[in-house]
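Colleague: Sequence:
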Amino acid sequence: LTRHPAGVFVLTSPAEIEEADVVGHDDVVLAVKLLRSQFRYTVIDTARTFTGASLAAFEQADRVLLVTDLSVPSIRAAKRTIDLLSRANVSPPRVELVVTEARPGGVSVEAVAHALGKQPIALLPRDEAAATTAMNEGVLLTDGPNELATAIGLLAARIAGIEVQQKRR
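Using the working numbering, the first residue of the sequence shown is number 19, and each one after it goes up by one.
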């Protein structure tokens, strides 16, 4: 584990891509159990592809946050993911929907909820400048005030069961 200056610990993916192939289902189950014994919250960010390891993470999860945007291809992928998780015995109530806002002309949030049979628990605004800076410069998204960081903070508080008073503008 690597400790980040913000106080969180990170278990990164293997340094070499081919090393990831040796991480199997049982390895992930063991890692999740060990992490849960040491930390109050364990967050797993899986790859976009499904492997035995990622399915093990989903099986162990109390909650699965499925992120989609407001485009037809993304909604179709989300539907296929929900179906796969159901076949992998991840109960539908454990799968929760998070929607990122797309550019104008996309599918409505209501249409997404209807297509996926789930209401989103959060709508995250698109802030490409803040997200790009955080990714490319290795800085925290919260280093500068932005709506995306605020929305993610509110989502995290909701998941953790922490009541947050929103400031009035």
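No lab work stands behind these hints, which were simulated from the structure alone.
Honestly, I wouldn't trust all of these hints.
Said to hold, decoys possible - Cut-off 30 Å, straight-line C-alpha distance, at most; resulting in silico cross-link-like pairs (DSBU-like, lysine-lysine):
#, residue 1, residue 2
1, 97, 136
2, 51, 97
3, 136, 51
These numbers were taken from a predicted model, which means no experiment stands behind them.
Colleague: Work down the list of hints and note, for each, if the structure agrees.
Modeller: Each hint, compared with the structure:
no., hint, verdict
1, 97 to 136, "10 Å, holds"
2, 51 to 97, "29 Å, holds"
3, 136 to 51, "29 Å, holds"
Every hint from the earlier list agrees with this structure, and none is contradicted.
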